[in-house]
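Hey, can you piece these two chains together into the complex? The hints should help.
Read off the chains here:
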Amino acid sequence: MDEYQESELIAKVLLNKDQRSFGLLVQRHQQVIRQYCRRLSAPDFAIADDLAQETFIQAFKKIQLFQGKGKFVSWLFRIAYFQYLQYLRSVKRFDLLDDNEYAAQDSADLTTTSDLEKAMIQLKVNERTCITLQFNFGYTQEEIAGLLDLPLGTVKSHIKRGKDKLAQILQVSSDSSPKNINGAA
Amino acid sequence: MNELERLLSTPLSDIRDDGFSLKVLKSIRKKQRQVFVLMSCMLAGIATVFVVFIAKISSIGLSLLTALPSSFKLLGSNKFDFTAIAHDALVAMQTPAGLFALTCLLIVSCLIKFDL
Numbered sequence: 001m002d003e004y005q006e007s008e009l010i011a012k013v014l015l016n017k018d019q020r021s022f023g024l025l026v027q028r029h030q031q032v033i034r035q036y037c038r039r040l041s042a043p044d045f046a047i048a049d050d051l052a053q054e055t056f057i058q059a060f061k062k063i064q065l066f067q068g069k070g071k072f073v074s075w076l077f078r079i080a081y082f083q084y085l086q087y088l089r090s091v092k093r094f095d096l097l098d099d100n101e102y103a104a105q106d107s108a109d110l111t112t113t114s115d116l117e118k119a120m121i122q123l124k125v126n127e128r129t130c131i132t133l134q135f136n137f138g139y140t141q142e143e144i145a146g147l148l149d150l151p152l153g154t155v156k157s158h159i160k161r162g163k164d165k166l167a168q169i170l171q172v173s174s175d176s177s178p179k180n181i182n183g184a185a
Numbered sequence: 001m002n003e004l005e006r007l008l009s010t011p012l013s014d015i016r017d018d019g020f021s022l023k024v025l026k027s028i029r030k031k032q033r034q035v036f037v038l039m040s041c042m043l044a045g046i047a048t049v050f051v052v053f054i055a056k057i058s059s060i061g062l063s064l065l066t067a068l069p070s071s072f073k074l075l076g077s078n079k080f081d082f083t084a085i086a087h088d089a090l091v092a093m094q095t096p097a098g099l100f101a102l103t104c105l106l107i108v109s110c111l112i113k114f115d116l
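Those sequence lines, one after another, are chains F and G. Start counting the first sequence at 1; every next residue gets the next number (this note's numbering). Start counting the second sequence at 1; every next residue gets the next number (this note's numbering).
Just so you know, these hints were derived from the structure itself, not from any lab. Treat the hints with care, since some could be wrong.
A few chain F residues that face chain G, going by a derived Cβ cut-off under 8 Å, partial list only [claimed, not checked]:
#: 1; residue: Gln-19
#: 2; residue: Phe-66
#: 3; residue: Leu-116
Where a beta carbon is used, it is the ideal one built from N, C-alpha and C, also for glycine.
For reference, chain G alone in the conformation it holds in the complex (with noise of 0.2 Å):
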């Protein structure tokens, strides 16, 4: 062994603990609480979207039932417009299905930053 390494494996000044493994400690159950809100809310989130979604979906569902029928009616008269009620439709969807891409987005975008 020559002199550099004789001065190389000197041995390295010792440190203590100092609370370190306490503080590691507080942190991994501080990540753990922080990962705990966020799965909650994006739990709540998702089904917020959901309710508004089906809610949407069956509003539009009753409207197109209660509208048939007279639209049957008027299908004979030709004044019946189905392009207005497709337009209203996609009018009422784009909404929630935003809500619901934006969400998915947050989703795997928290998944991604936060390493689950």
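Just chain F, same shape as in the assembly (with noise of 0.2 Å):
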């Protein structure tokens, strides 16, 4: 799988339509925007592998879009966010994408995901995805205001609002790097 560069296989997608290359694009990425697309959709996990799979069907058709400037995977990363976004508007799930108020999630039923995951859980779209692409894929606060369209000090209130609310939640500490929530609005 490797013997070929990511930018040869998103060529010949792009030039042929290509489904073997995309193919492989899959198999490289797929592990990455599952568990995104899990982190997003939390608690309902059934819909995780749909999103995922719709994110690949995107990206599959709107290949030209891709404009090569970033990693490709940024780019399934941010299809996927506002594929979820769609969802949510269009089971009127309007209340996870306001910031005004906490999200109320029933958390108790799940028993098999660990405290840090039911945490989760009672955060907000935004704050779980800034949080996500921040700690767990190791993206900029400026790249994830580039990746989903968000002003950077909207990126670092949510980072910072969410962890605050996490911190809460797990009886944690989370103010030994006030550093990394200065800018924050």
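Here it is in structure tokens:
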């Protein structure tokens, strides 16, 4: 699988709509995208794989829009995020989109997930997304802002608010590195 | 890095491919087939409507052509009814024009629905 450069595979898909090359791209990125979709759609894990699948289908259809400026996987993260927002709007879950209220999720039956995952469920989608992209996938706050089309200040504020909520839920400290949250709105 | 950040940086659990990439490719092929079938149906629909439209127009034209010589004769006698002919022509055009408009509407809505 690794004998092909990613750019080579993308070019093949772009020029010939080559499904074999796209299959290799899916194999290469399916794990991170599915992990991300699970985190986004928690606790509704049933839709996570559908969301991941739709993300790759959209990527295949709109590959000509990938400008090659950033990483391909970042573009996939972006598609997955907007797909999930579209899904939330379609099922009218505006409560998970708004920032004005604490998300009231019933996590009592989630006995198989870790405490962190249970706590994550209680965050808003944007808070969860920003935190996941920063801490699990190593993106900087500037990169996250670009990826999600959000102002940097908003990203900082989502991360700070999310971390505060998590610290409160998990009863752990979150204030030992104030530098990280200095610019938060 | 504080306690919370250490916790947040815990790697997410591994997810095996378990046929996921094959499933994605299958759905892509399925969608492509759907688009192909849809486009074929649309083209067939357009062709049918077009044929009906042309046939109607030509039959109206023919009937007008056959009616005109005798109509000219009638003109002098003030028995020629222009409004009747115009009405007939409009009635005959209604169905194909309606079908044509509906097909156009269908095509546009399908294009929007399937994001083509």
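Taking the hints in turn, this is what the structure says about them:
1. Gln-19: 6 Å, holds
2. Phe-66: Phe-66 of chain F check fails; min Cβ-Cβ to chain G is 16 Å, beyond 8 Å.
3. Leu-116: 6 Å, holds
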